[in-house]
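Enquirer: Could you put the whole structure together from the sequences, leaning on the hints where they help?
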Amino acid sequence: MHNPAATTRRAWLWVTAAYLFQAIPAAVRDEALPVALKNTGYPDKEITQVVAMLGLVFGFKILLAPIVAAFRPRGFILCSELAVSVLLGALAWQVTADQPSSPAIIACLVLLSFVSAAHDFALDGYFVSSLDDRTRATHSGLLNFASKLGMVLAGPGLIWLAGRIMDYGPQSADAWGLSLCTVGLLSLLAVGANALGLRSEPDPAADERSVSARFREMRDGLVSLCVDPRLAAVLGLVLFYRASEIHMAKILPLFATATTAGGLALGNETYALLRIVTAVLGLALGGIVGSQVVARFGLGRSLLPLGFAMHAPLAAIAWLAMDGTHDLWLIGLVFFVEYLAYGAGLCALILAMMKLASGPGAAVRYAALSTFALLANYLPGLWAGALSDRLGYAHYFLFALSLAVPGIISAWFAKRYFEEA
Numbered sequence: 022m023h024n025p026a027a028t029t030r031r032a033w034l035w036v037t038a039a040y041l042f043q044a045i046p047a048a049v050r051d052e053a054l055p056v057a058l059k060n061t062g063y064p065d066k067e068i069t070q071v072v073a074m075l076g077l078v079f080g081f082k083i084l085l086a087p088i089v090a091a092f093r094p095r096g097f098i099l100c101s102e103l104a105v106s107v108l109l110g111a112l113a114w115q116v117t118a119d120q121p122s123s124p125a126i127i128a129c130l131v132l133l134s135f136v137s138a139a140h141d142f143a144l145d146g147y148f149v150s151s152l153d154d155r156t157r158a159t160h161s162g163l164l165n166f167a168s169k170l171g172m173v174l175a176g177p178g179l180i181w182l183a184g185r186i187m188d189y190g191p192q193s194a195d196a197w198g199l200s201l202c203t204v205g206l207l208s209l210l211a212v213g214a215n216a217l218g219l220r221s222e223p224d225p226a227a228d229e230r231s232v233s234a235r236f237r238e239m240r241d242g243l244v245s246l247c248v249d250p251r252l253a254a255v256l257g258l259v260l261f262y263r264a265s266e267i268h269m270a271k272i273l274p275l276f277a278t279a280t281t282a283g284g285l286a287l288g289n290e291t292y293a294l295l296r297i298v299t300a301v302l303g304l305a306l307g308g309i310v311g312s313q314v315v316a317r318f319g320l321g322r323s324l325l326p327l328g329f330a331m332h333a334p335l336a337a338i339a340w341l342a343m344d345g346t347h348d349l350w351l352i353g354l355v356f357f358v359e360y361l362a363y364g365a366g367l368c369a370l371i372l373a374m375m376k377l378a379s380g381p382g383a384a385v386r387y388a389a390l391s392t393f394a395l396l397a398n399y400l401p402g403l404w405a406g407a408l409s410d411r412l413g414y415a416h417y418f419l420f421a422l423s424l425a426v427p428g429i430i431s432a433w434f435a436k437r438y439f440e441e442a
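With positions in the sequence shown counted from 1, the corresponding number in the working numbering is that position plus 21.
Because the hints were derived from the structure by calculation, they are not lab data.
All figures in this text were calculated on a predicted structure; none of them were measured in a lab.
C-beta: ideal position from N, C-alpha, C; glycine also.
Some hints could be false.
Restraint-style ranges between C-beta atoms, simulated for each label pair [stated by the list, open to error]:
hint, residue 1, residue 2, range
1, Arg-155, Gln-192, 51 to 59 Å
2, Pro-250, Ile-127, 43 to 51 Å
3, Val-298, Arg-155, 30 to 38 Å
4, Pro-427, Arg-251, 17 to 25 Å
5, Ala-118, Ser-233, 40 to 48 Å
6, Asp-249, Pro-124, 38 to 46 Å
7, Ile-88, Leu-209, 19 to 27 Å
8, Gln-192, Leu-325, 47 to 55 Å
9, Ser-231, Asp-119, 47 to 55 Å
10, Ala-333, Leu-408, 19 to 27 Å
11, Ala-336, Arg-251, 25 to 33 Å
12, Gly-406, Ser-221, 44 to 52 Å
Expert: Here is the structure:
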């Protein structure tokens with residue numbers, strides 16, 4: 022029987038590479054795609070329909086569990102990463118074609134969401150099942166940092182790169198095509214690093230049971246999750262622990278680029294560059310701080326202090342909106358502190374989800390929790406824009422800060438279930 026702690030000699034490498042890769046399709050879909058479609062002339066109605074459709078495809082990844090289980094996890098992770106890289110290249114080729122085909126572009130995006138959803142299920146399940154509690158805690162900072170770095174590079178980084186290319190003359194479609202090629206190359210580099218890191222890791226066999234038997238196992242895993250006494254506490258964390266941050270994140274790009282009263286009036290490229298720098302540094306330190314705090318004091322005793330730290334920077338963002346300052350150094354400092362605190366707090370949430378999911382049926386249980394987390398992340402977008410229009414940026418951020426109250430309550434309720442963690 023494998024000893025996970027002894028066989029993960031390159032866990033740092035594959036966790037970093039695989040979770041950086043995991044974030045790329047999501048960032049392309051959620052951040053870069055709306056801007057790209059707008060730049061290339063698509064109306065807002067079609068843009069929102071496309072993004073919603075792709076989000077729904079990704080949101081039902083738990084249904085892929087019985088199919089993904091039929092493959093060896095290490096091989097499936099790498100093959101699906103290669104498929105995503107190919108799809109990014111195909112998308113770039115379609116975007117730069119003389120006569121771009123909308124159905125072909127949509128097909129590439131749908132397949133990209135579908136394959137990345139299967140990859141995420143396999144990767145999350147492998148992370149949960151192949152590492153013990155302490156090793157997961159030790160590497161959670163890398164996971165968090167790599168995920169956010171991938172989102173920054175493929176989200177605002179892609180937007181910045183396309184804008185810079187357009188500054189030198191190419192049309193929007195060509196600029197976005199070249200940017201997508203760059204992201205595709207980044208994906209291939211991550212695949213190579215992941216393959217190197219996974220070589221010395223455990224390689225569980227594929228599930229040779231029938232599909233119906235695996236569906237029954239999925240049902241049993243969900244039933245066991247539903248009767249777990251810790252479920253209500255963890256669902257409370259998923260829904261409320263980062264509610265302030267989620268609401269803030271939906272409006273922050275609009276607030277940063279708005280030229281109306283209360284906005285920071287940053288240009289798109291300035292905002293993207295500022296976010297890249299502050300997010301990379303802030304999330305790197307935040308992930309390290311969060312993982313070390315949990316590893317030293319345990320998950321139960323870390324939830325409340327990390328929760329307080331995660332919510333506090335929203336007061337500074339609300340102050341920016343009230344003060345109206347346009348000083349880039351001060352704005353950058355506030356962004357940096359916000360990312361640092363969020364990176365630390367998110368470590369605790371991820372580890373609580375993984376702690377609940379660990380054991381028999383870990384992949385299915387974690388997929389169910391991450392699906393709920395996905396809904397918690399997307400649903401506030403339905404009302405965040407209308408609410409910020411009504412309240413104004415400063416009062417909206419104060420409203421988001423008030424959501425720290427249920428967040429802290431959820432942490433206080435959940436910590437008793439993880440005192441030994």
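Enquirer: It remains to establish, for every hint, whether it holds in the given structure.
Expert: These are the hints, each one checked on the structure:
Remark: the range hint 51 to 59 Å for Arg-155 to Gln-192 is upheld by a beta-carbon distance near 53 Å. Distance hint check for Pro-250 and Ile-127: the Cβ-Cβ separation is about 44 Å, which falls inside the suggested range of 43 to 51 Å. The given range of 30 to 38 Å is respected by Val-298 and Arg-155, whose C-beta atoms sit roughly 33 Å from each other. Taking 17 to 25 Å as the suggested C-beta distance range, the pair Pro-427 and Arg-251 conforms, at roughly 18 Å.
Look at Ala-118 against Ser-233: about 43 Å separates their beta carbons, and that is inside 40 to 48 Å. Our hint of 38 to 46 Å for Asp-249 and Pro-124 holds, since their Cβ atoms are close to 44 Å apart. Between Ile-88 and Leu-209 the beta carbon distance is about 25 Å. The supplied range of 19 to 27 Å therefore holds. The given range of 47 to 55 Å is respected by Gln-192 and Leu-325, whose C-beta atoms sit roughly 52 Å from each other.
One distance hint, 47 to 55 Å for the beta-carbon pair Ser-231 and Asp-119, holds here, with the actual separation near 48 Å. The hinted window of 19 to 27 Å between Ala-333 and Leu-408 holds, with their beta carbons roughly 22 Å apart. Checked against the hint of 25 to 33 Å, the C-beta distance between Ala-336 and Arg-251 comes to roughly 31 Å, which is consistent with it. Distance hint for Gly-406 and Ser-221: a CB-CB separation of about 47 Å, consistent with the stated range 44 to 52 Å.
The structure meets every hint from the earlier list without exception.
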